[in-house]
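Protein chains: 4
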Amino acid sequence: MAKPKDTYYLTAHCPGNLGTVDVITSYLREQRCYVVEMQTFDDVVSGHFFIRVEFRPPSDTVFDEAQFQQSLQPRAALFAMQWELATAAQRPNVVIMVSRLDHCLNDLLYRYRTGQLAIEIPAIISNHPDLQRLADWHHIPFYHLPVNDDNRAEQEAQVLNVIQECEADLVVLARYMQMLSPQLSTALTGKAINIHHSLLPGFKGEQPYHQAYDKGVKLVGATAHYINNDLDDGPIITQGVEVVDHSHYPEQLTAKGRDIECITLARAVHYHIERRVFLHNGKTVVFTS
Amino acid sequence: MAKPKDTYYLTAHCPGNLGTVDVITSYLREQRCYVVEMQTFDDVVSGHFFIRVEFRPPSDTVFDEAQFQQSLQPRAALFAMQWELATAAQRPNVVIMVSRLDHCLNDLLYRYRTGQLAIEIPAIISNHPDLQRLADWHHIPFYHLPVNDDNRAEQEAQVLNVIQECEADLVVLARYMQMLSPQLSTALTGKAINIHHSLLPGFKGEQPYHQAYDKGVKLVGATAHYINNDLDDGPIITQGVEVVDHSHYPEQLTAKGRDIECITLARAVHYHIERRVFLHNGKTVVFTS
Amino acid sequence: MAKPKDTYYLTAHCPGNLGTVDVITSYLREQRCYVVEMQTFDDVVSGHFFIRVEFRPPSDTVFDEAQFQQSLQPRAALFAMQWELATAAQRPNVVIMVSRLDHCLNDLLYRYRTGQLAIEIPAIISNHPDLQRLADWHHIPFYHLPVNDDNRAEQEAQVLNVIQECEADLVVLARYMQMLSPQLSTALTGKAINIHHSLLPGFKGEQPYHQAYDKGVKLVGATAHYINNDLDDGPIITQGVEVVDHSHYPEQLTAKGRDIECITLARAVHYHIERRVFLHNGKTVVFTS
Amino acid sequence: MAKPKDTYYLTAHCPGNLGTVDVITSYLREQRCYVVEMQTFDDVVSGHFFIRVEFRPPSDTVFDEAQFQQSLQPRAALFAMQWELATAAQRPNVVIMVSRLDHCLNDLLYRYRTGQLAIEIPAIISNHPDLQRLADWHHIPFYHLPVNDDNRAEQEAQVLNVIQECEADLVVLARYMQMLSPQLSTALTGKAINIHHSLLPGFKGEQPYHQAYDKGVKLVGATAHYINNDLDDGPIITQGVEVVDHSHYPEQLTAKGRDIECITLARAVHYHIERRVFLHNGKTVVFTS
Chain A
1 MAKPKDTYYL
11 TAHCPGNLGT
21 VDVITSYLRE
31 QRCYVVEMQT
41 FDDVVSGHFF
51 IRVEFRPPSD
61 TVFDEAQFQQ
71 SLQPRAALFA
81 MQWELATAAQ
91 RPNVVIMVSR
101 LDHCLNDLLY
111 RYRTGQLAIE
121 IPAIISNHPD
131 LQRLADWHHI
141 PFYHLPVNDD
151 NRAEQEAQVL
161 NVIQECEADL
171 VVLARYMQML
181 SPQLSTALTG
191 KAINIHHSLL
201 PGFKGEQPYH
211 QAYDKGVKLV
221 GATAHYINND
231 LDDGPIITQG
241 VEVVDHSHYP
251 EQLTAKGRDI
261 ECITLARAVH
271 YHIERRVFLH
281 NGKTVVFTS
Chain B
1 MAKPKDTYYL
11 TAHCPGNLGT
21 VDVITSYLRE
31 QRCYVVEMQT
41 FDDVVSGHFF
51 IRVEFRPPSD
61 TVFDEAQFQQ
71 SLQPRAALFA
81 MQWELATAAQ
91 RPNVVIMVSR
101 LDHCLNDLLY
111 RYRTGQLAIE
121 IPAIISNHPD
131 LQRLADWHHI
141 PFYHLPVNDD
151 NRAEQEAQVL
161 NVIQECEADL
171 VVLARYMQML
181 SPQLSTALTG
191 KAINIHHSLL
201 PGFKGEQPYH
211 QAYDKGVKLV
221 GATAHYINND
231 LDDGPIITQG
241 VEVVDHSHYP
251 EQLTAKGRDI
261 ECITLARAVH
271 YHIERRVFLH
281 NGKTVVFTS
Chain C
1 MAKPKDTYYL
11 TAHCPGNLGT
21 VDVITSYLRE
31 QRCYVVEMQT
41 FDDVVSGHFF
51 IRVEFRPPSD
61 TVFDEAQFQQ
71 SLQPRAALFA
81 MQWELATAAQ
91 RPNVVIMVSR
101 LDHCLNDLLY
111 RYRTGQLAIE
121 IPAIISNHPD
131 LQRLADWHHI
141 PFYHLPVNDD
151 NRAEQEAQVL
161 NVIQECEADL
171 VVLARYMQML
181 SPQLSTALTG
191 KAINIHHSLL
201 PGFKGEQPYH
211 QAYDKGVKLV
221 GATAHYINND
231 LDDGPIITQG
241 VEVVDHSHYP
251 EQLTAKGRDI
261 ECITLARAVH
271 YHIERRVFLH
281 NGKTVVFTS
Chain D
1 MAKPKDTYYL
11 TAHCPGNLGT
21 VDVITSYLRE
31 QRCYVVEMQT
41 FDDVVSGHFF
51 IRVEFRPPSD
61 TVFDEAQFQQ
71 SLQPRAALFA
81 MQWELATAAQ
91 RPNVVIMVSR
101 LDHCLNDLLY
111 RYRTGQLAIE
121 IPAIISNHPD
131 LQRLADWHHI
141 PFYHLPVNDD
151 NRAEQEAQVL
161 NVIQECEADL
171 VVLARYMQML
181 SPQLSTALTG
191 KAINIHHSLL
201 PGFKGEQPYH
211 QAYDKGVKLV
221 GATAHYINND
231 LDDGPIITQG
241 VEVVDHSHYP
251 EQLTAKGRDI
261 ECITLARAVH
271 YHIERRVFLH
281 NGKTVVFTS
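Those protein sequences? They're chains A, B, C and D, same order as listed. Under UniProt numbering, the first residue of the first sequence carries the number 1, and numbering increases by one thereafter. Under UniProt numbering, the first residue of the second sequence carries the number 1, and numbering increases by one thereafter. Under UniProt numbering, the first residue of the third sequence carries the number 1, and numbering increases by one thereafter. Under UniProt numbering, the first residue of the fourth sequence carries the number 1, and numbering increases by one thereafter.
Because the hints were derived from the structure by calculation, they are not lab data. Mixed in with the good hints there might be a few duds.
[Claimed, not checked] Derived EDC-like pairs (lysine to aspartate or glutamate); straight-line CA-CA distance at most 20 Å:
1) C:LYS283 to B:ASP232
2) B:LYS5 to D:GLU251
3) D:LYS5 to D:ASP22
4) C:LYS256 to C:GLU242
5) D:LYS204 to A:ASP233
6) B:LYS215 to C:ASP43
7) B:LYS283 to C:ASP43
8) C:LYS204 to B:ASP232
9) A:LYS5 to C:ASP214
10) A:LYS204 to D:ASP214
11) A:LYS204 to D:ASP232
12) D:LYS256 to A:ASP43
13) C:LYS215 to B:GLU251
14) D:LYS5 to B:GLU251
15) A:LYS283 to D:GLU251
16) B:LYS204 to C:ASP214
17) A:LYS3 to B:ASP43
18) C:LYS215 to B:ASP43
19) B:LYS283 to C:GLU242
20) D:LYS3 to B:ASP230
21) A:LYS204 to D:ASP233
22) D:LYS204 to A:ASP232
23) D:LYS5 to D:GLU84
24) D:LYS215 to A:ASP43
Please model the complete structure; the sequences and the hints are all you need to start from.
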């Protein structure tokens, strides 16, 4: 659900220290910003501190974002704090990549067109032409960029070009079914979310539902994670799960898993665009709502 | 799991206002207290603000609680703030009331004796003698206080007497199966947690599993709530749920519900003693962990 | 997921008795029908027996359905058995009724167009024009039949007319938001499924998410049930649930509930069309898969 | 919950074939046995058939088990059927093995002493003395059999001796924390259930909660499985799961996982003793209730 447009997200992290909370909250108080929601995490293992504040600036003046950031910087610097300011008024650009399977795309498009996900979708990229009609119905440009072993570098250059042209804030691999090259993965670090249809780290790689069937597990699930250079091994954002039994062949697992894939991926995108996710040491801190 | 003994819980609530967060965090900073965990909730409907901070005082001096509280008070008063300071070093006294069914009691005692619930249990009160042996094994005084329609006022006076003698911080009705009088309910407002074996507000009153069976529901559950003067209608703290089907007669529902009753009640007690629950307008704000 | 076309569903129920299973299984054996899946329930409370068999007829001859039924009848009659034969080859006609909210409709249409729900949808009926475009995109006739207090009888006659013209096997109220008259409810007994956005019997009637918010529950859910003459009180088929907390206002509960409404309703339709649901004494027996 | 004593379990499996159901049901009919519950599974992948029937023999005569079995055998043989008859009147002997952690043992003992698990516990075996007192309180013989790298063969011989002396039907490794030798594993094939505190096949081996923490998963779980020669790789019976987040260090994961370990293990034991589990090709068929 879209936040009011005067909502701001201030996120920050730094080494844990006395005063890390206060440096943020006292500044917001001085600036007469109203704290709507606030969460902190002090990681005793890594000694790192994380904070997310949702606030509304004073309504009696125009909020000067540049000024706000400029004045915050020297204070934050005292704590070696990395921080970011974002606003709900600016919907992030999300590029979606798909292959032939449409359930995750269909689900994201539904949440997009009904305003449940406060995003813009400037492009859908696919290595197959099948989902053009679905994109058309939503008036979203569809880029058919076929890929094979011979043209992979070229195709990825085209993909990256579309992403850059769109000024994408986030790339969502909604069952794209292709491994990205290390180059592309690296270029998209922290900016690309993949949905894998297993409870990672179980059943990495191809056909996880077949692997799950062969193993005879009694639960299957889905994992939304940031991509990195290791296949299906990036930082996990959120996971979902379903009970199954011996009567679920791979085909039934595939059918049963669809809903949980859709919901898990949409939740991860929602967390990301509301600035609820921090990447740290190959893992995530997620301030859920 | 028990918190380190130098953990303090500062909880506060007041009308929502600019500066409600800062008044707490800046004070903690001044006092050189380290914020371990912090949550806030700004209720846009009631316009009320809630905050919970877990902190550790400076380790290089003795923490003067009285001084800390005295200096906080005038600042908090500016916001009409109600607040409380508690410490993990002081385990709360929890009096447990039961009838004949022992699953919730057995579960609470296990968590108590293994240190998972950081409480003292100075007394177990029952209107039946059956669970004496279980209390004995844990070296906990057992008060057998039979009750019937004729002696109810008298028995409740005895109950209240035990509670007061023990300086109980919390009373847990672990399937006590007796309605408390309005007098006793009122005396225990906000200090007594009941477990009801249904998803309230569905199936209030007697034999909820029989009611659930008659209705043919496909989910049953348990609700932990503070007691008030209305039967099974007090502020809900937490709820749990289980899938069932047509083959579950009342006896099977009863069996299936036991685990979820135990877990739900233990979770509520855990939230309460870690000062995670606020009572407000007949509902609760619960900062879960 | 669609079953193979040579799949047959034989469902039966009768007073519990020695031989109720055998009368079915021995007949299937004689007819050289291969049992694929089989479930029974012997209700010790009502003394009633239920059986569902999924089978494939012999592949070396043409299966004579009429003959099969004719020969079964005298044997079934010995047990006062009510029974039905259905085939996966014949997709049931499902008429969907909606108002303005489209999430359940959108979900059902997705499952329909991808073959996950093996149904035909000959008509969508709505009292508002809003969802015409969604119907058009799926090439499904859309009947805009506005209703108000003055024209209710007339409108319901038109609704019933569409249902009859379509030879609907099932009517799905996918958030139709209008109470049906006793006449229409009665006409659709056992043939109309409604989705109600609460864990019935809690929060019947209007705005259940607002009711849930006011009560401060920590779980919300959805209930798919057959309609009857009592508002939101028909036999329950299946229910779904979500964890919520104090920060979920009615708007957030509404948003959070959407997914579980969709999934719960789709599951109920799936059970119905695969002949997994028996209506009995105001409750259901559901042989889940 | 204990079944009535005149309950019989008939389980069978064989290559899938026309008549596999009928051979059982027609025999039960002839013997005037009343079918209470019945489930079948026809595995299209392996071509194998499984059936479980719960029945009550005629109440007007003494049921001659030997005669029943003798007459069934030639018919079952026609289908190369492996079958077993068991009765609820005979509580299975379950030997429990533990190390120092007591949560699973405590839970099993509670279910045992309250009759929820219809078993006898003739022995508790431990490589540590710690849980003697808990065993004593339940009047169960406790065997303290320390083990180290030098005496492993000897200790396992003692373990096996206790198991055999007790005529154990089942061995439950309730967090035993020791790898069994291939010899002992083999001796206990299909007769020993282990609880592993991860969602297998993820996080095999030591300290799975630490592994889960390091990976940053958002779900943890427990897996009950039959042991075999491969560590934590035996056929899975049932699994349970819990949502976690970044704030759960290994210590918190351990605490949070306890409940789900207990429930998952108890459920597996329940399924096993009610003859609901078939071992087949390194996986299980489980007819849940």
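Is the Cα-Cα distance between B:LYS283 and C:ASP43 20 Å or less?
Not satisfied, since the Cα-Cα distance of roughly 41 Å exceeds 20 Å.
Are the Cα atoms of D:LYS5 and D:GLU84 separated by 20 Å or less?
17 Å, holds
Taking only the CA atoms, is the gap from C:LYS204 to B:ASP232 under or equal to 20 Å?
With a Cα-Cα distance of about 18 Å, the restraint between C:LYS204 and B:ASP232 holds, given a limit of 20 Å.
Within 20 Å, alpha carbon to alpha carbon, are B:LYS204 and C:ASP214?
17 Å, holds
Has the given pair, A:LYS5 with C:ASP214, been kept, meaning a C-alpha gap of at most 20 Å?
Since the Cα atoms of A:LYS5 and C:ASP214 sit roughly 27 Å apart, the hinted pair is violated (cutoff 20 Å).
When you check the alpha-carbon spacing of C:LYS215 and B:GLU251, does it fall within 20 Å?
29 Å, violated
Please verify whether A:LYS204 and D:ASP232 have alpha carbons no more than 20 Å apart.
18 Å, holds
Holds or violated: are the alpha carbons of C:LYS215 and B:ASP43 at most 20 Å from each other?
Cα-Cα ~15 Å, so holds.
Proposed proximity, A:ASP43 with D:LYS256 (alpha carbon, max 20 Å)
18 Å, holds
20 Å limit on alpha-carbon distance, applied to hinted pair D:LYS204 and A:ASP232:
18 Å, holds
Measure nothing beyond the straight line between the CA atoms of B:LYS215 and C:ASP43; if it is 20 Å or shorter, mark the hint as holding.
With Cα atoms ~15 Å apart, B:LYS215 and C:ASP43 stay inside 20 Å; holds.
Hint check: D:LYS204 vs A:ASP233, CA-CA at most 20 Å. Holds or violated?
17 Å, holds
Checked against the numbered hints above, the structure breaks hints 1, 3, 7, 9, 13 and 20 and satisfies the rest.
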